[in-house]
Amino acid sequence: MANKRNATMNVALITAVAAAILVWRPTVLINGLQSAGLYASIAIPMGLILGIVHIVNLAHGEFMMVAAYITYMLCAATGMDPFVAMVPVALVTAAFGFVIYKLTIRQALKAPELNQLILTFGLAISMTQLANLLFTSQTRKLSFDYVSASLDIGDLSFGVYKFVYIGIALLMIVGLKLFLTRTTTGKAALAVGQNPRGAAIVGIDVDRTYGLVFALASALVGMMGAVFITSASIFPAVGSPYTMKSFCLIAMAGIGNIPGILGASILLGVSENILKAFRGTRGWADIVFFVLIITVILGRSIRGKKA
Amino acid sequence: MILDIKKLETGYGRLQVLRGIDLSVGKESVGLFGPNGAGKTTIINAVMGIVKPWAGSIEFEGTAIGGKPTHFVARAGIALVPQERELFPGMSVADNLELGAAYVPRGKPIMAQQLEVVLTLFPILKERYKQLVGTMSGGQQRMVAIGRALMANPALLILDEPSLGLQPSIVAEVFDRLSILKKDIAILVTEQNVRESLKAIDRGYVIENGAVVLEDTAAGLANNPHVISAYLGI
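These protein sequences, in sequence, are chains A and B.
For what it's worth, the working numbering labels the leading residue of the first sequence as 14, then goes sequentially.
For what it's worth, the working numbering labels the leading residue of the second sequence as 3, then goes sequentially.
Think of the hints as simulated: they come from the structure by calculation, not from any bench.
Take the hints with a grain of salt, since some may be wrong.
Straight-line alpha carbon distances no greater than 30 Å define the calculated DSBU-like cross-link-like pairs of lysine-lysine that follow [what the hints assert, rightly or not]:
#1 B:LYS70 - B:LYS29
#2 B:LYS9 - B:LYS201
#3 A:LYS154 - A:LYS289
#4 A:LYS190 - B:LYS184
#5 B:LYS29 - B:LYS9
#6 A:LYS190 - B:LYS110
#7 B:LYS128 - A:LYS190
#8 B:LYS184 - B:LYS54
#9 B:LYS110 - B:LYS54
#10 B:LYS9 - B:LYS70
#11 B:LYS184 - B:LYS9
#12 B:LYS110 - A:LYS115
#13 B:LYS54 - A:LYS123
#14 B:LYS54 - A:LYS115
#15 B:LYS70 - A:LYS123
#16 B:LYS8 - B:LYS132
#17 B:LYS29 - B:LYS8
#18 B:LYS132 - B:LYS184
#19 B:LYS70 - A:LYS115
#20 A:LYS115 - A:LYS175
Pulled from the structure, derived: some chain A residues nowhere near chain B, Cβ distances all over 12 Å [stated by the list, open to error]:
#21 ILE27
#22 VAL30
#23 ILE131
#24 MET140
#25 ASP165
#26 THR197
#27 ILE214
#28 ALA290
#29 LYS318
Built from N, CA and C at the ideal position, the CB exists for glycine as well.
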């Protein structure tokens, strides 16, 4: 009962804050939601491997960067639209992820978790530097007409294209929920995450399941890499801030809570945009993320101690 | 012969635990007795591919399974109820049971039928069908673990200390259910509770220091002076 009342109060509070921001500065809410969609749709694939099968991948953003470069080359060479290119790109990154898993991460799973951290951090650096060698550090950008689509409501005018990221995040949440609760492979993935020994005993090929989930997450983040180039320019280090942000959004939502990632992203996106709305605090927007993560983790630790 | 182990030697790291075990299970139920650290669980771990054999052979229905990965052994038709149960705590009873059959060729086609068998054997699981396993009591979790193993329609059911941590009334219940099962399935069971388990088995081995020191029928073991003084405490 207490939980239900808490949830109702939270919803009421959030609605009130959202309404206040909407009246005060509508663009803050709009931009906030749009960047939240981007954060969430990049973090959700990481939430899948970290939260469900407990593999730490610090090269997550770099997987997206690699996918973005592949998409860039594909689209620049053939004139293909990124939304079409995301299908072959997702297949390529899935295969790439599976190979990376088999060659490297698999070996680190039996060792303490710190090894995964160091290994994938090394992978991230290697991938960034390889991109640097192949493509130089020059930024690249493709332009598409539909990105500048805008909407006028009264005297308010804003870009609507980036709402596509919210759609993608919602699709991922629903899709993963169905995968994990309705399919045998999804249930096997959950089982492997909760108890790898128990999973092997009932005949689940644990190694193959890890590989499949890793490939699936790589495909999803690859897809995001393809869509990412429609609205942002890319360079070799473009992925690493997203690794950090994804990691922290997952920690804020609570490990294993995939829908919560969208909530955490909205909190982050809107807060950043509140600061960006003022000339004086514009440069401080990046600090929001660190303040939020420290507050949430501290809060949770203190509450945990009390309980 | 369903399970045939010959001259099995294995251990952990450099520590040798089993020193040449010969053991077989036909269409019967077989008990493994012995003190803590004698190697009972290690025999099971070797059969399930959790530890690799150093020497000797393990055959299941005529196929060599020694050193094969655990999921291979499980798919071949051996189901294990581990000491620590090894369930999926964040999933429902229904999902735990389903996963017991989903990857085993001899269990998957008759999943609905096996579910009926398990829910008849353990009616409590029918009541708790949608409950998360992690929120259930130890005794109920033991029943989920046995139920999950039965879902695979195994040719051989292995139970490692099924009565561990259970209150006596539930122990009696578990062995009661095992007596029903042994008509259809070969069973290999390790037990500290020798008195209860002698009622449920046909034949038994006494393992001490990684070797078989005694092998006899249940009646023979119950009357053996060594078993009486060391395990029945009379």
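Status of the hints after comparison with the structure:
This hinted pair checks out: B:LYS70 and B:LYS29 have alpha carbons roughly 23 Å apart, not beyond 30 Å. Under the criterion of a C-alpha separation no larger than 30 Å, the hint pairing B:LYS9 with B:LYS201 is consistent with the structure, at around 29 Å. Under the criterion of a C-alpha separation no larger than 30 Å, the hint pairing A:LYS154 with A:LYS289 is consistent with the structure, at around 24 Å. Proximity of A:LYS190 to B:LYS184 is assessed by CA-CA distance (about 40 Å); at most 30 Å being required, the pair is judged violated.
The suggested pairing of B:LYS29 with B:LYS9 holds, with an alpha-carbon distance near 21 Å, which does not exceed 30 Å. Proposed proximity of A:LYS190 and B:LYS110 is supported: the alpha carbons are some 24 Å apart, at most 30 Å. For the proposed pair B:LYS128 and A:LYS190, the alpha carbon gap of about 25 Å is at most 30 Å, so the pair holds. This hinted pair checks out: B:LYS184 and B:LYS54 have alpha carbons roughly 29 Å apart, not beyond 30 Å.
With a CA separation close to 28 Å, the supplied pair B:LYS110 and B:LYS54 stays within the 30 Å bound. Distance restraint check for B:LYS9 and B:LYS70: the Cα-Cα separation of roughly 17 Å lies within the 30 Å cut-off, and the hinted pair is therefore satisfied. Proposed proximity of B:LYS184 and B:LYS9 is supported: the alpha carbons are some 27 Å apart, at most 30 Å. With a C-alpha separation of about 29 Å, the suggested pairing of B:LYS110 with A:LYS115 holds against the 30 Å cut-off.
Annotation: proposed proximity of B:LYS54 to A:LYS123 holds, straight-line Cα distance about 16 Å (limit 30 Å). Our distance criterion of 30 Å between C-alpha atoms is met by B:LYS54 and A:LYS115, whose separation comes to about 22 Å. Annotation: proposed proximity of B:LYS70 to A:LYS123 holds, straight-line Cα distance about 18 Å (limit 30 Å). Distance check on the hinted pair: B:LYS8 and B:LYS132 sit about 44 Å apart at the alpha-carbon level, beyond 30 Å; violated.
With a C-alpha separation of about 18 Å, the suggested pair B:LYS29 and B:LYS8 falls inside the 30 Å cut-off, and the hint holds. For the suggested pair B:LYS132 and B:LYS184, the alpha carbons sit about 29 Å apart, so the restraint of at most 30 Å is met. Among the hinted pairs, B:LYS70 with A:LYS115 is consistent with the structure: their alpha-carbon atoms are about 20 Å apart, no more than 30 Å. Only pairs whose Cα atoms come within 30 Å are accepted, and A:LYS115 paired with A:LYS175 is rejected, the gap being roughly 35 Å.
Separation of A:ILE27 from chain B is adequate, the least Cβ-Cβ distance of about 27 Å exceeding the 12 Å criterion. For A:VAL30, the requirement that its beta carbon stay farther than 12 Å from each beta carbon of chain B is met, with the minimum near 32 Å. Against chain B, the non-interface label of A:ILE131 holds: every CB pair exceeds 12 Å, the least being about 25 Å. The claim that A:MET140 is not at the interface with chain B holds, since no C-beta of that chain comes within 12 Å of its own (minimum 31 Å).
The claim that A:ASP165 is not at the interface with chain B holds, since no C-beta of that chain comes within 12 Å of its own (minimum 48 Å). Residue-level check failed: A:THR197 sits 5 Å from the nearest beta carbon of chain B, not beyond 12 Å. With 12 Å as the threshold on Cβ separation, the claim that A:ILE214 sits away from chain B is violated: the shortest Cβ distance comes to roughly 5 Å. The claim that A:ALA290 is not at the interface with chain B holds, since no C-beta of that chain comes within 12 Å of its own (minimum 41 Å).
Residue placement check: A:LYS318 keeps its beta carbon more than 12 Å from all beta carbons of chain B (closest about 23 Å).
Hint violations for this structure: numbers 4, 16, 20, 26, 27, all remaining hints satisfied.
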